[in-house]
Amino acid sequence: MTKNEQMLAALQQSWSIETSSKWTKDNPAAGQCGVTALVVSDWLGGEILKTQLPDGWHYYNRIEGIRCDFTASQFSAKIPYSDTPSSREEAFTDTNERQYECLKEKVAAAHN
Numbered sequence: 002m003t004k005n006e007q008m009l010a011a012l013q014q015s016w017s018i019e020t021s022s023k024w025t026k027d028n029p030a031a032g033q034c035g036v037t038a039l040v041v042s043d044w045l046g047g048e049i050l051k052t053q054l055p056d057g058w059h060y061y062n063r064i065e066g067i068r069c070d071f072t073a074s075q076f077s078a079k080i081p082y083s084d085t086p087s088s089r090e091e092a093f094t095d096t097n098e099r100q101y102e103c104l105k106e107k108v109a110a111a112h113n
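Take 2 as the starting number for the sequence shown in the numbering used here and just add one per residue.
Think of the hints as simulated: they come from the structure by calculation, not from any bench.
Certain hints may be false.
Claimed, not checked - DEER-style ranges, computed between Cβ atoms:
no.	residue 1	residue 2	range
1	58	98	12 to 20 Å
2	113	78	29 to 37 Å
3	25	65	31 to 39 Å
Idealized CB from N, CA, C, for every residue including glycine.
Model the full structure from these sequences, guided by the hints.
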């Protein structure tokens, strides 16, 4: 299993209503993009990118030059990526400290 596959598995185990108010059992990645981009950045480094979508900014990562969007499954349509450079500060506008700390702890536990 690659690092990215391990990360996706850990995220899928960790997403919950505690990590995004938009989470649902049918769409666990919903609303998780900002908080996920932050936690992925903590674990795997790389850059945080964003793309403007009808409902606002969508955040994801570029790791070792490759786009890694761990929350793309929340959307039914194909994402028209612009790969606009972003930052931790901007990604934090999509989440809050409580959600971030919760996801960070759950991902760490899932990795052990």
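| task | For residue 113 and residue 78, compare the CB-CB distance with the range 29 to 37 Å and indicate the outcome. | result | holds (36 Å)
| request: Hint says 31 to 39 Å; check whether the CB-CB distance for residue 25 and residue 65 agrees. | output: Since the Cβ atoms of residue 25 and residue 65 sit about 32 Å apart, the hinted range of 31 to 39 Å holds.
| said: Against the range 12 to 20 Å, how does the distance between the Cβ atoms of residue 58 and residue 98 compare: consistent or not? | reply: holds (19 Å)
Of the hints listed earlier, there is not a single one the structure fails to meet.
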